[in-house]
Each structure stands twice: as C-alpha cells, then as structure tokens.
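Let the sequences and hints guide you as you build the complete structure.
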Amino acid sequence: MTWHTKTLTELSSAIAAGETTSRELTEHFIARVEAHDGELNTFVTRTFDAALAAAEAADARRAAGESLGPLDGLPFAHKDIFCTKGVKTTCGSKMLDNFISPYDATVVEKLQAAGMVCLGKTNMDEFAMGSSNETSYYGDVKNPWDTSKVPGGSSGGSASAVGARLVPATTGTDTGGSIRQPAAFCGITGIKPTYGRVSRYGMIAFASSLDQAGVFATTAEDAALMLQAMSGFDERDSTSIERPVDDLVTGLGESLAGKTIGLPKQFFADGLEPEVKAAVDAAINEYKSLGTEVKEIDLPNIGLSVPVYYVVAPAEASANLSRFDGVRYGHRCDNPEDLTDLYKRTRAEGFGDEVKRRIMMGTYALSSGYYDAYYIKAQKIRRLIRDDFLKAFEEVDLIAGPTTPGLPFGLGEQTDDPVTMYLNDIFTIGVNLAGLPGMSIPVGEASGLPIGLQLVGKHFGEAELLNAAHQYQQVTDWHKAIPAAYQ
Amino acid sequence: MYSNWETVIGLEIHAQLSTNSKLFSGSSIAYGAEPNTQANEVDLALPGTLPVLNKEVMNLATRLGIALNATINKRSVFERKNYFYPDLPKGYQTSQLELPIVEHGELFINVNGEEKRVGVTRAHLEEDAGKSIHGAAEGCTGIDLNRAGTPLLEIVSEPELSSAAEAVAYMKKLHSLVQYIGICDGNMQEGSFRCDANVSVRSKGQEELGTRAEIKNINSFRFVEKAINFEIERQIDLIEDGGEVVQETRLYDADKNETRSMRSKEEANDYRYFPCPDLLPVVIDDAFIEAVRGDMPELPDAKKARFVGDFGLSDEDAAQLTNSRPMADYFEAVVADGIDPKMAANWCNGELAAWLNKEEKDVTESPVSAEMLAGMCKRIADNTISNKIAKEVFEGMWNGEGDADAVIEVKGLKQITDTGAIEAMIDEIIASNAGQVEQYRAGKEKVFGFFVGQVMKATQGKANPAQVNQILKQKLTG
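Taken in sequence, the protein lines are chains R and B. So for the first sequence, this note's numbering puts the first residue at 1; every next one is plus one. So for the second sequence, this note's numbering puts the first residue at 1; every next one is plus one.
Source of the hints: derived by calculation from the structure; they are not laboratory data. A quick note: this is a predicted structure, and the numbers were derived from the prediction, not measured. Don't take each hint at face value.
To be verified - Sample of chain R residues at the chain B side, in silico, Cβ under 7 Å:
1. Asn98
2. Arg323
3. Tyr343
4. Ser368
5. Leu390
As the list claims (entries may be wrong) - Computed list of lysine-lysine pairs in DSSO-like fashion (alpha-carbon distance at most 30 Å, straight line):
6. B:Lys388 to B:Lys342
7. R:Lys380 to R:Lys110
8. R:Lys277 to R:Lys391
9. B:Lys172 to B:Lys204
10. R:Lys85 to B:Lys131
11. B:Lys414 to B:Lys446
12. R:Lys94 to B:Lys116
13. B:Lys475 to R:Lys377
14. B:Lys391 to B:Lys342
15. R:Lys110 to B:Lys444
16. B:Lys81 to R:Lys344
17. R:Lys94 to B:Lys81
18. B:Lys342 to B:Lys172
19. R:Lys380 to B:Lys116
20. R:Lys265 to R:Lys88
21. B:Lys116 to B:Lys81
22. B:Lys342 to B:Lys444
23. B:Lys81 to R:Lys380
24. B:Lys462 to B:Lys475
25. B:Lys172 to B:Lys116
26. B:Lys342 to B:Lys358
27. B:Lys342 to B:Lys256
28. R:Lys356 to R:Lys94
29. B:Lys81 to R:Lys377
30. B:Lys173 to B:Lys74
31. B:Lys358 to B:Lys462
32. B:Lys131 to R:Lys344
33. B:Lys116 to B:Lys216
34. R:Lys344 to B:Lys446
35. B:Lys411 to B:Lys444
36. B:Lys55 to R:Lys85
37. R:Lys344 to R:Lys391
38. B:Lys204 to B:Lys116
39. R:Lys356 to B:Lys411
All residues carry an ideal CB built from backbone N, CA and C; glycine is no exception.
Below is the structure:
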C-alpha cells in the first residue's frame, strides 16, 4: 500500500472505515523511516517500540468503541525540542545528549491525549538556532528534493521527514521562521499560530517572547486537525492566552470571495529571486481567481526586523541558556578543577559555534552601558513593526508574500557567512516580532526545488488563515507533489 | 574621638513571605525538609519549564505597602538578574528592578524617646536561591534546592539611619510589623528575616555621602548592632589613618566580632537585568488594593494610640504591649475578661514579660494563659491576695500548679483581712520592739517600713497591705 501518499485526514478516514489499523500504518511509516532516514538524517531518536504499543492501544480503543477522535492512532513525530518523559530530549545539542526528560511538554501531553502515535524525535538546529539544520550536533539534515540542498531550519528534520513522507505530520517550533522557511524548502504546509495560542511549557526555550509551537503536514486541512489538538490555554505557561480555540477544521469551507489580501511592497523589492517571485505572483493570481481582492500595503519598519530580532532573540537566549551549567543535568566536563572551570569547559564543550555566537551577542546587548542602545531600542522598534501590521490589518484580511527570498541553498554554502544565513528569515521574522500567525504553503517549483507562499493572519486568525490555504489547495496540486525518490 | 564623624546607614531587609508554595512553582516552602525533596522540575530549572506567579504574594506585598503608607504600583515587572552560581538553577534570579510592587514608604522609629521618620525606598518581590553545602561529601559541595524559589520581599530603607541603635530600632519595628500584618513569620534563626546593612561615614557637615560598605546577611538584632558599630570604627580609623574606604561587600564574623571583605566593586557582576519574557507584567487595580486594605489588621501605631486613648495607659506601657501583636492580643484578652487595663498592663509588661524573657519564650508559648492571668487579677481586685503574694501565685501558675485559685488554695496564700487578727499581731510587734517605736515617734519615719516588714514576716506576706498600713500608722502614732 502507499499509505504514505495519503493525508492525515485520509488516513483517519481509512482507520474509521476499517480499511486499515493504527498498527498497520505505524509499521508502514516505521518501514519508511528505516528505508530512507539513512540519507536524510531526520530523526535523532526513534521510539518504534513505544509507537507500536501506542498503535495497538489505539486499535484496542477503537475496537471497544472508545476512539479518542480523528487523530487517534495516527503516526507522527515530535521536533526534539519538546520534552518527552523517559525519552532523550536533545534540542540538537551535545549539551543535552544525555538528557532524558522526566516530564512531558504540554504539547506532548495533548497529542498523546488525542491518541497520536509518536515515532520519535526529529533533528533540528542546535537550540533552534539556524536556518539550514546545519548547526545540529547530530549532523546535517538533507532536503528530500535534492539531498545536496539544505531542508531549512531550525525544524529541518520535521520538515524533511514530512516532505519525504516518512511521517504524515510533525510538530515544529518557530521563533523567526523555523516552521515556515523549512516548510517552503521541503514543499509542505507549515503553520505557526499566534504567540500564546499553544503552550510553551516543556518546549525548550530559545527566545521566550518569540517561540511558538506549530505543525508540519502535507495539507492545510491536516495542519488544522493537528493544531486544533495542540492549542489552548495552559496554566503552566503565563504567556499562553486564556481564550477559547476556534473550530479550525469545520472552518475550512468558506469562500474567499470579497476577502482582501495585502501584499507588502517591501516583500517584493530587490533581492527576491526571480523564480520565487514568479511562483508567488502566480499564486496571487490564483487567489484573485478565487474572488479575493489584492492590495499593496506598506510595512515601513519591516526592514528593521532582522536587526531587531538579532538583538531581542539572542538577549533572551543568553539568559535562557544559562541553566545549562553542568550542575544538575546535561553535559558536564570531565574533572573540573573548580567552579569556574566547570562552567567554562562544560559550556565550551557542550555548545556549538552558532549557539555560542548568539549567547555572546545577547550578553553584549544586555550589558551595562549597551542595554538602552540595543535592547531597549530594539523593543521600541519591535512595537513599531507590530503596529505596522495591525494598521495594515485594518484594510486587509490576510497578508501574503514569499516565505523566503530564494530557493533552498546548498549544504555548506552559507555556513561561513552568518549574516547571509540570517537574511533567509527576512520575510518571516517580522511575523514573530508581531506575534501573528503565519503559514507557508507550496506554490511552485524551480530547478526541481519547491517554492513557498507565506500567508499571515490577524492575531488568533488561525481559522481564516488555514481556510485561505485550504481554498488554494482545493484548486491547485503543488501540495501533492512528492520528491521522486520518496514516492 | 569619633565626635567629628557622622554615620549614614541604609538597611536592606529580606523578609520571607508566609505563603504555602514558592514564588513561581507549586513546591512547598516548609522549613527543614530533607534536601531537594521540595524542588520540582520548575525549581530544578529543567529545560522547557516556565514560571507561574503565586498570586498570594501580591496580597502580602500590598499589605506591606499599606502598612508602610507607601505607593503600591499597579503595574510591576519581574526581571531577570543574571549570574552563575550552583545554587541558582536558572542562572538568573527573578526579581524586580525598574518597577517594584512597593515604593516611597515610611516607618517611624523611637530611639531615646525621640520619634524619627525613616523613608522606605522600595520593597520588591524576588525569589530566594538554594543552599550550597560545602564539604557535603569528600571534596564536594552539595546543593539543596528546597529554598530555591522561596518568595522574598526585599525592603530597602533610605540611607537615613545615623547609628547602630537607630538601625536596630528600624529593624525591630519592621520585624514586628511584618508579623503584625501576617506576611512573614519573622523567624530569624531559620533565615525568614535577614538584613544587609550599607554603612558609610562622613565628617560632620559634609554634604556628599562617604563610600559605603555593604555588610551581608546579618541574622540577629544583636549582630546588626555589633557589625555596624565595628564597621563605623573601622571606617573612621581607616580614614583618620590616611586610608580610603573602598566600596565592597563585607561579611560579619560573629565569633571574632569583625567584618571581613568578601568582594570589591571591581569584581562585582554586571547582572544584565531585563524584563522576564516568561512572565507578564503584574497588574492590580484599586479594587484589589481596597480589598486588601479592608482585610488589614490594626497596625501597631494605631493600636498603641487606642491603648493610650481607650485604656488610659502610659505611652511606654502601650508601646511595650504593642511591640508584638501576640502580646497586644494577650493583653486585650485579659482586659476583655473584665480586668482593669492598667492592672493588666502592669502584669503583662512586668511579671509576664520578665518570665518570658528569662525562659526565652514567646508570649504564644506562655504557660500562663490570658484567662489564667485574668483569674489571678480578679483575686487581687477582690482582696483575696495582695500584689506581692500574686507574684508567688503567678510563679505557681507558670510552673504548672494550676490556675490562681488552685495555687492560692494549695499554698494557703489567702490574704488575712480580719482586722482583729491584724491588730492583735501589730500590738504584739509594737510591744516587743519598743526601741523602734521610740525612733519612729521621734520622727524617723523610715522605721515604718521595718514594722510593715515584721507584720508581713509574721503573716508570711498574707496580711492585707492596705489594712496593715492603716492600723500600724494609727497604733504607732498612738
């Protein structure tokens, strides 16, 4: 059977109709991982035994008429940033190579409660810092469309695994584009909801005011199904929002006629690769034919989002990563001479170059004498960027543009040039700074590589956002494309 | 020799808040548990864990703000104070810097009969660190995180105290106040109330402040006084010898009665404070503050004024009674039993206080309950016993011999009020002390005391003193 070519929604129906079982699906996807992950390197940890046991439990529930709902028994994988009880949780770092979490993240609990079957933990940039999945302690992840190319980052393992159909869906996290950019590079659908919509409890922090969990899947419909189960207020996360979750799945049928899509002029300026621009333009035309109005909008401060981000995010990270000190868990250097030696060598050995670079930047930005000039100023500009978006949303229902300025680049191509690497997220970062929900959906290809369209919604506008993606996917086939080697 | 100098002292007091659980986690803060049994994943700072504010602390901090007549900020912000230490699991302490919950308060102290207003700059919420236990195992330091995350209120005074005595008076007043309003148990041995003192000296008339030294973690009133006095002398001696005070942190060594340098300013950390992105700014409104105000107990100064006004007590008596809320409550319970307030005050401040002091007990641990003391006072009032005999009765009650009536009964302390019996006794004493009678009659009135003593001796103190005085006077004047 070719179960891996099916969507999560189709697999759910197949189980419900008795055409297959969770056990069969789980075995099928385990076989997919075993056959293909050697070349792609998307998994850090495989939990196949636990997955098979969970699948059997799901089948037993269904047989007893006690199914937990549409996700019960469906296989998936978690980005290795979510703490999973009794399972190694590395965050892509040597620092946590020996860390077995004694507790589950809220997202992990919620998907478990929905009955989903977790096949393992996916590879990622170290502490989610990277745009190419090349900073992982566990090696580069390859792009399933061309294994000489990067899958994007930081959720590269999650994106590549879904792109190659090793699993039908995965979780991810997005601090500056870490779901949307790899979704674009791997030709799949990815959503980062509004900041505060999904609990951050148990999700290892990079930049607390920006981090948000989300989903990779092959369709907007699947993303809606899974995001629905992940969302909601959590009293263990003070920044999660106490507000009911919209019905994301049944909201997927609304016509887009009369809706207005805003195109930020700054997203179509110099620096955008022509193939990307052509694919995005074509997608916009498709939206016009679906009845939407299109309007150019101005986000005057968006050009500052990369520098602002590279003050705010490293500043928060520099404090968030202080807990990795070799005292209580994780890597500890051998035979420390004294306390200072313990700290210095533990952190020098445990963290990779990119993580160290960002800790240094953040420490600098918060230092006495620089704090006002960097951190405070960045926070002020962050507010302006957010206000620009809110003003634009007075006139438009959605904002659209390219997810990335270019096509997936080659492995090793940008690793020596951090600034060029940081510019990969030029279109996605502003959305995190404003706390808005954003998506990437596949809308074209060039040289055999996928191209993504970014859609941005209003705060808590996930239903409208997912519906816009779904409507596009009803009339196009880009989301159905599977890399030749993985069909 | 130090008369050309004046001292400037500011105190930072850490009061541990009386909550059930920690500032940002559900772990218990009960004292004395086995190491690391009160530390959950949040306290251990496991990856992915997040803080959630214990809302009770807002109530407690607001109480202090009201009691200090301070500004209570409706928006306060928690910040991260970054530094590495093994008993600080997150690598930062969550504290308040720019926007503390309480600012601009005041406290009135009384030293040598003079009242002084001391400004309270601010009081902010922060979490305590864990404990490092050096030498826990061969060559190792153990870490106990039970205390990590315990809620503290750091109460910072203006540099307006000018002697160790004022500093102690301020600390004692605050110590009493936090217990009054039920926000801190005040247990100094367990570290629930501890003090850092900033001390500097300057020559009289000099405007700008001298360089200060901070003496850390002093945990008794006595040590605060000694440490400050030592530090004042050290600084003056240093300057007079041509040296300079350096800004530094010092530690008080009680065994040697000296302060020693811990670290100088050059070694001080840059804490890189910034608002904690895991916590929202805490916002409270007038309704919240008014609800807390409505729940406030009577404050010591108001209580003192009431004791003076309603009960006719002296300032000193009222001050002593209201120093601690349990003592004030005890006193009021005695009065509520129908005892004359002045008599009640005399016994509370006198015999009761003396016994408590002698046996280092708190009034809440007194073996003589308010009800028992009231029972005894009734026997004084109805002339069953004299004031003097009552002390013996009190001692009996203290030693567990039962209530006043039982002690009087068993010990046979009932007062002799039979005028005939007293007269007979006095006649006998006058007859056998003719010499003294003569002296008295010759104008040496002091001898009167001798006769009273003789009567009391003969009756084992049980004769009614008023009657004795009256009859003696009558017979001696003859």
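Results of checking the hints against the structure:
1. A distance limit of 7 Å between C-beta atoms decides the matter here; for Asn98 (chain R) the minimum to chain B is near 12 Å, and the interface restraint is violated.
2. With a least beta-carbon distance of about 4 Å to chain B, the hint placing Arg323 (chain R) at the interface is held under the 7 Å criterion.
3. A cut of 7 Å between beta carbons decides the hint on Tyr343 (chain R): the least distance to chain B is about 6 Å, and the hint holds.
4. Taken as an interface hint, Ser368 (chain R) checks out: its beta carbon lies about 5 Å from the nearest beta carbon of chain B, inside 7 Å.
5. With 7 Å as the threshold, the beta carbon of Leu390 (chain R) stays out of range of chain B, its nearest partner Cβ sitting at about 19 Å, so the hint is violated.
6. A distance of roughly 16 Å separates the Cα atoms of Lys388 (chain B) and Lys342 (chain B); the hinted pair therefore holds under the 30 Å criterion.
7. With a C-alpha separation of about 36 Å, the suggested pair Lys380 (chain R) and Lys110 (chain R) falls outside the 30 Å cut-off, and the hint is violated.
8. At most 30 Å may separate the alpha-carbon atoms for a hinted pair to count; Lys277 (chain R) and Lys391 (chain R) meet this at roughly 25 Å.
9. For the given pair, Lys172 (chain B) sits about 27 Å from Lys204 (chain B) by alpha-carbon distance, which is consistent with the 30 Å threshold.
10. At roughly 28 Å between alpha-carbon atoms, Lys85 (chain R) and Lys131 (chain B) fall within 30 Å of each other, so this suggested pair holds.
11. A distance of roughly 28 Å separates the Cα atoms of Lys414 (chain B) and Lys446 (chain B); the hinted pair therefore holds under the 30 Å criterion.
12. With a CA separation close to 60 Å, the supplied pair Lys94 (chain R) and Lys116 (chain B) exceeds the 30 Å bound.
13. The hinted pair formed by Lys475 (chain B) and Lys377 (chain R) fails the criterion: a straight-line CA distance of about 97 Å is larger than 30 Å.
14. A distance of roughly 17 Å separates the Cα atoms of Lys391 (chain B) and Lys342 (chain B); the hinted pair therefore holds under the 30 Å criterion.
15. The hinted pair formed by Lys110 (chain R) and Lys444 (chain B) fails the criterion: a straight-line CA distance of about 98 Å is larger than 30 Å.
16. Of the pairs offered as hints, the one joining Lys81 (chain B) and Lys344 (chain R) holds, with about 20 Å between alpha carbons and a cut-off of 30 Å not exceeded.
17. For the suggested pair Lys94 (chain R) and Lys81 (chain B), the alpha carbons sit about 27 Å apart, so the restraint of at most 30 Å is met.
18. As the CA atoms of Lys342 (chain B) and Lys172 (chain B) are separated by approximately 25 Å, the hinted pair is consistent with the 30 Å bound.
19. A C-alpha spacing of about 44 Å is found between Lys380 (chain R) and Lys116 (chain B), which places the hinted pair above 30 Å, so the restraint is violated.
20. For the given pair, Lys265 (chain R) sits about 45 Å from Lys88 (chain R) by alpha-carbon distance, which is inconsistent with the 30 Å threshold.
21. With a CA separation close to 34 Å, the supplied pair Lys116 (chain B) and Lys81 (chain B) exceeds the 30 Å bound.
22. The straight-line distance between the Cα atoms of Lys342 (chain B) and Lys444 (chain B) is roughly 34 Å, outside the 30 Å bound, and the hint therefore fails.
23. Distance hint between Lys81 (chain B) and Lys380 (chain R) is fulfilled; the C-alpha atoms sit about 22 Å from each other, no more than 30 Å.
24. Of the pairs offered as hints, the one joining Lys462 (chain B) and Lys475 (chain B) holds, with about 20 Å between alpha carbons and a cut-off of 30 Å not exceeded.
25. Our distance criterion of 30 Å between C-alpha atoms is met by Lys172 (chain B) and Lys116 (chain B), whose separation comes to about 14 Å.
26. Taking the CA atoms of Lys342 (chain B) and Lys358 (chain B), the gap is about 23 Å. The hint holds against a cut of 30 Å.
27. At most 30 Å may separate the alpha-carbon atoms for a hinted pair to count; Lys342 (chain B) and Lys256 (chain B) exceed this at roughly 45 Å.
28. For the hint linking Lys356 (chain R) to Lys94 (chain R), the alpha-carbon distance of about 13 Å falls within 30 Å, and the restraint holds.
29. At most 30 Å may separate the alpha-carbon atoms for a hinted pair to count; Lys81 (chain B) and Lys377 (chain R) meet this at roughly 20 Å.
30. With a C-alpha separation of about 26 Å, the suggested pairing of Lys173 (chain B) with Lys74 (chain B) holds against the 30 Å cut-off.
31. Of the supplied pair hints, the one linking Lys358 (chain B) and Lys462 (chain B) holds, its CA atoms being roughly 27 Å apart against a limit of 30 Å.
32. Restraint check for Lys131 (chain B) and Lys344 (chain R): satisfied, since their Cα atoms lie roughly 22 Å apart, inside the 30 Å limit.
33. As the CA atoms of Lys116 (chain B) and Lys216 (chain B) are separated by approximately 25 Å, the hinted pair is consistent with the 30 Å bound.
34. The hinted pair formed by Lys344 (chain R) and Lys446 (chain B) fails the criterion: a straight-line CA distance of about 84 Å is larger than 30 Å.
35. The hinted pair formed by Lys411 (chain B) and Lys444 (chain B) fails the criterion: a straight-line CA distance of about 36 Å is larger than 30 Å.
36. For the given pair, Lys55 (chain B) sits about 29 Å from Lys85 (chain R) by alpha-carbon distance, which is consistent with the 30 Å threshold.
37. Taking the CA atoms of Lys344 (chain R) and Lys391 (chain R), the gap is near 47 Å; set against the 30 Å cutoff, the hint is violated.
38. For a cut-off of 30 Å, the pair hint linking Lys204 (chain B) to Lys116 (chain B) stands: about 20 Å separates their Cα positions.
39. For the given pair, Lys356 (chain R) sits about 83 Å from Lys411 (chain B) by alpha-carbon distance, which is inconsistent with the 30 Å threshold.
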